[in-house]
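Q: Chains as they are written, first to last, in the numbering used here: chain A, 1 to 220; chain B, 1 to 220.
Be careful, since some hints might not be right.
Repeated chains share a single entry, so a pair holds when one copy, or any two copies, can fit it.
[To be verified] SDA-like mimics (lysine to any residue), calculated; alpha carbons at most 25 Å apart, straight line:
no.: 1; residue 1: K199; residue 2: A170
no.: 2; residue 1: K199; residue 2: A171
no.: 3; residue 1: K185; residue 2: D47
no.: 4; residue 1: K151; residue 2: T68
no.: 5; residue 1: K199; residue 2: G56
no.: 6; residue 1: K199; residue 2: N13
no.: 7; residue 1: K22; residue 2: G201
no.: 8; residue 1: K151; residue 2: S102
no.: 9; residue 1: K151; residue 2: R73
no.: 10; residue 1: K157; residue 2: I175
no.: 11; residue 1: K157; residue 2: I208
no.: 12; residue 1: K199; residue 2: L169
no.: 13; residue 1: K199; residue 2: D168
no.: 14; residue 1: K151; residue 2: D130
no.: 15; residue 1: K151; residue 2: Q83
no.: 16; residue 1: K151; residue 2: N78
no.: 17; residue 1: K157; residue 2: S98
no.: 18; residue 1: K157; residue 2: W207
no.: 19; residue 1: K199; residue 2: I175
no.: 20; residue 1: K185; residue 2: N78
no.: 21; residue 1: K199; residue 2: L173
no.: 22; residue 1: K151; residue 2: E128
Calculated directly from the structure, the hints in this document are not laboratory data.
Protein chains: 2
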Amino acid sequence: MEIKIAKNILNANENIAEENRKLFAENNILAVNLMSSPGAGKTELLDATLDALNGGRAAVIEGDICTTLDSERLAHHNVPLVQVNTDTIGGACHLEASMIQSALDELDLESLDIIFIENVGNLVCPAEFDLGEDIAVSLLSTPEGADKPLKYPLMFKQCDVSILSKLDLAAPLGIDPGEMETNVKRINPDALILRLSAKTGDGMDRWIDLIKSRFEEKNA
Amino acid sequence: MEIKIAKNILNANENIAEENRKLFAENNILAVNLMSSPGAGKTELLDATLDALNGGRAAVIEGDICTTLDSERLAHHNVPLVQVNTDTIGGACHLEASMIQSALDELDLESLDIIFIENVGNLVCPAEFDLGEDIAVSLLSTPEGADKPLKYPLMFKQCDVSILSKLDLAAPLGIDPGEMETNVKRINPDALILRLSAKTGDGMDRWIDLIKSRFEEKNA
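If we strip away everything but chain A, and leave its shape as in the complex, we get:
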């Protein structure tokens, strides 16, 4: 019985995700959904990305259970920011397509090329909810350890792109990014894996190139 209910919720979510996908396509917008454990560096990556894109007709939808701390960190970029706080709508541990649909009402879509969605920090539940995005991206930070793709496989299976973040900490912590990469590949052989440190800038160029080329492909 519980499973039936869950399926209904997921079906309803999928329908709204399709509507979001259409809206992104009609407006030539690339939508990027960033997912990870708490503290894996999603906001830091966005901060560095908005710097590199120099605004670049981007907007951010910030998902958090509560607080506007992440939006405040990004406010200086002067890009449109919509904060979604799930505690005002039941305290969900993930974003759902309907929340993105509401957030899109707050944005002038014609003025945008890219929308970054920062999901709630959670390596499990967000992977179950399609938001209508073009690229699903997981971040796995080096301090979390190399075994995480094996222990939380759905996230790595669902994401086209896996970022190994906080690469600058790999050597000091004695962590092998190669082992993390091997474990991502065991779960998803087709995943594109990027190693980067938003702090030092190492590897950021490949990430920015990816976003730009995926935007161009979508609107070719």
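Given the coordinates of chain A, assemble chain B onto it according to the supplied hints.
A: Using the frame of chain A, we list chain B on its own:
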């Protein structure tokens, strides 16, 4: 409607948690529920704890979505280990009281003083499910950042004990454990906060003392 269903699930969970609590009391067992984000160091803490207790009539219930990797890490302690893999029962992102009830069937309760429960790595959902434990413990690792108690408040509100883990990384990462502690206290002024590094052993004595004294209090 969704909220109603969730309430029914939580009520059912609470009833089974009460049964677990009774079973722990009847057998003079202290039950400890460890919760955190993925990779915050729950297994490493258990490893060091079992070393310090030298077995100590302890058992471990290992909660994971899948794999037996954590159980394998702890197998050398020769304490009873029960692995709960939630992907065999719907893929839940947290442990529920019913899973603990089933796991307890696998243990000889009369031979035990302490049961450690390692929850699924998730800073959100496990906090909603009482397992019948005596001590709810959250781990927050220094690389996750000081803002996490404010962004994921339920976990820190529900836990009697908050451990700031991976303390050895605070200085090299330029993270202020004092700020993390202040943020935990803002959410839960009564929380007992322990700073420790399971790797270096720093702070482990206070943690072990806490377990021993809570065991003695329960059975006084």
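Q: Can you tell me if K151 and S102 fall within 25 Å by alpha carbon in one copy, between copies, both or neither?
A: So K151 and S102 pass the 25 Å test across copies only (22 Å; inside, 33 Å).
Q: Please sort K151 with E128 into within, between, both or neither, judging by C-alpha distance up to 25 Å.
A: both (16 Å within a copy, 21 Å between copies)
Q: Using 25 Å as the alpha carbon limit, work out where K151 and R73 are close: within a copy, between copies, both or neither.
A: Classified as between: cross-chain Cα gap 14 Å, same-chain 31 Å, threshold 25 Å.
Q: Please sort K199 with G56 into within, between, both or neither, judging by C-alpha distance up to 25 Å.
A: within (21 Å within a copy, 44 Å between copies)
Q: Given identical chains, is K22 near G201, meaning Cα to Cα at most 25 Å, within a copy, between copies, both, or neither?
A: neither (34 Å within a copy, 54 Å between copies)
Q: Are the CA atoms of K157 and I175 at most 25 Å apart within a copy, between copies, both, or neither?
A: within (22 Å within a copy, 33 Å between copies)
Q: I want to check one pair: K199 and D168. Are their C-alpha atoms no more than 25 Å apart within a copy, between two copies, both, or neither?
A: Cα proximity of K199 and D168: in one copy and across copies (8 Å, 20 Å).
Q: Under a CA distance limit of 25 Å, which applies to K199 and N13: within one copy, between copies, both, or neither?
A: neither (35 Å within a copy, 43 Å between copies)
Q: Given identical chains, is K185 near D47, meaning Cα to Cα at most 25 Å, within a copy, between copies, both, or neither?
A: neither (28 Å within a copy, 28 Å between copies)
Q: Between K151 and Q83, at a C-alpha cutoff of 25 Å, which is it: within one copy, between copies, both, or neither?
A: between (30 Å within a copy, 13 Å between copies)
Q: Pop the pair K157 and W207 into one bin, within, between, both or neither, using alpha-carbon distances up to 25 Å.
A: within (20 Å within a copy, 37 Å between copies)
Q: Between the shortest in-copy and the shortest cross-copy C-alpha distance, which are at most 25 Å for K157 and S98: within, between, both, or neither?
A: So K157 and S98 pass the 25 Å test inside one copy only (23 Å; across, 28 Å).
In the structure shown, a violation is registered for the earlier hints numbered 3, 6, 7, 20, in ascending order.
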